[in-house]
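K.L.:
For the protein sequence lines, the chains are B and P, in the order given. Its first residue numbered 1, the first sequence is counted upward by one per residue in our numbering. Its first residue numbered 1, the second sequence is counted upward by one per residue in our numbering.
One or more of the hints may lead you astray.
[Unchecked claim] So the derived list for chain B, only partly shown, Cβ under 10 Å to chain P, looks like this: (1) Val63; (2) Arg65; (3) Phe86; (4) Thr95; (5) Ser96; (6) Glu104.
[Claimed, not checked] Derived DEER-like restraints, expressed as beta-carbon distance ranges: (7) P:Arg102 to B:Glu33: 21 to 31 Å; (8) B:Lys92 to P:Gly85: 49 to 59 Å; (9) B:Asp28 to P:Asp15: 55 to 65 Å; (10) P:Asp37 to B:Pro15: 19 to 29 Å; (11) P:Thr77 to B:Lys92: 33 to 43 Å; (12) B:Ser30 to P:Val58: 47 to 57 Å; (13) B:Ser25 to P:Asp54: 46 to 56 Å; (14) B:Glu104 to P:Thr5: 23 to 33 Å; (15) P:Lys60 to B:Asp14: 35 to 45 Å; (16) B:Gly84 to P:Asp15: 49 to 59 Å; (17) B:Asp28 to P:Arg102: 47 to 57 Å; (18) P:Asp53 to B:Asp14: 30 to 40 Å; (19) P:Leu66 to B:Ser96: 43 to 53 Å; (20) P:Leu66 to B:Val63: 27 to 37 Å.
Calculated from the structure, these hints are not laboratory results. We treat Cβ as the ideally placed atom computed from N, Cα and C, and that holds for glycine.
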Amino acid sequence: MNVGPQGAFRALGDPTRRSILMLLSSQDMSIREVASQFEVTRGAIQKHLSVLEQGELISVRTVGRERINHLELSAIKAVSEWLGYFDQYWDKRLTSLKQAIENEKEEK
Amino acid sequence: MPDTTIVKTIFLKADAETVWEFLTDKDKLGQWFHPADADLSAGSDYVLKGKADDGSTVRKCWGSVLEAKRRETLVYTFTIEPLGGALTTVTWLLQEVQGGTRLMLQHEGIEAAAGDMALPLLMALDAGWDAHLGRLRDYGK
Numbered sequence: 001m002n003v004g005p006q007g008a009f010r011a012l013g014d015p016t017r018r019s020i021l022m023l024l025s026s027q028d029m030s031i032r033e034v035a036s037q038f039e040v041t042r043g044a045i046q047k048h049l050s051v052l053e054q055g056e057l058i059s060v061r062t063v064g065r066e067r068i069n070h071l072e073l074s075a076i077k078a079v080s081e082w083l084g085y086f087d088q089y090w091d092k093r094l095t096s097l098k099q100a101i102e103n104e105k106e107e108k
Numbered sequence: 001m002p003d004t005t006i007v008k009t010i011f012l013k014a015d016a017e018t019v020w021e022f023l024t025d026k027d028k029l030g031q032w033f034h035p036a037d038a039d040l041s042a043g044s045d046y047v048l049k050g051k052a053d054d055g056s057t058v059r060k061c062w063g064s065v066l067e068a069k070r071r072e073t074l075v076y077t078f079t080i081e082p083l084g085g086a087l088t089t090v091t092w093l094l095q096e097v098q099g100g101t102r103l104m105l106q107h108e109g110i111e112a113a114a115g116d117m118a119l120p121l122l123m124a125l126d127a128g129w130d131a132h133l134g135r136l137r138d139y140g141k
């Protein structure tokens, strides 16, 4: 099921799910292992994991009888890319600001 | 530790009063950023709103105004949807110079905000991001 970026947003909109991602950033874990870290039912954890999977933040593989949850490392980008993001973000905003101010002057 | 503060300076052919209005007036903000619910003023929260992909109105940026010294300094906490509510700090410094105003932008705290696991993940997974970057590159040409 492809839910696109909205799925990822939805998946991250919950503190438990964010904590699960933190856990999985250190190692792959089975549902049981993840559930042991939280004071909620295994069923609830399973639901969280499916939302994360739908958001493509994790992938799941079956090993024997267990389903192993794996954080999609390819999804993780460096802080520098955030800087790059904002760098471009502000360039665009400032260009728009300049245009808006100059347009207003012309109207006067 | 790399310096993670973004600093940008532009020169605007307008007096500091005009620039100030564009930074704080709710409607003027809409001309270059996103429209605000109310004019930005010291000590108050702000929300800049825009349209989501499905056409609904969503908040694009929000935070609190920490300092507002008319025609001189505007400081606010700032977050955007992909930052998941983690706050950074944006400072605008205005300086009237010959023929216009020099406007400096400082954006601090990005690294700290990005310390939240959600941030790089969101960034990476927001497929709209690539399209956004593409548009920015076109913009630069």
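K.L.:
Provide an ascending list of the numbers of those earlier hints which the structure does not satisfy.
P.N.:
1, 2, 7, 8, 11, 12, 13, 15, 16, 18, 19, 20
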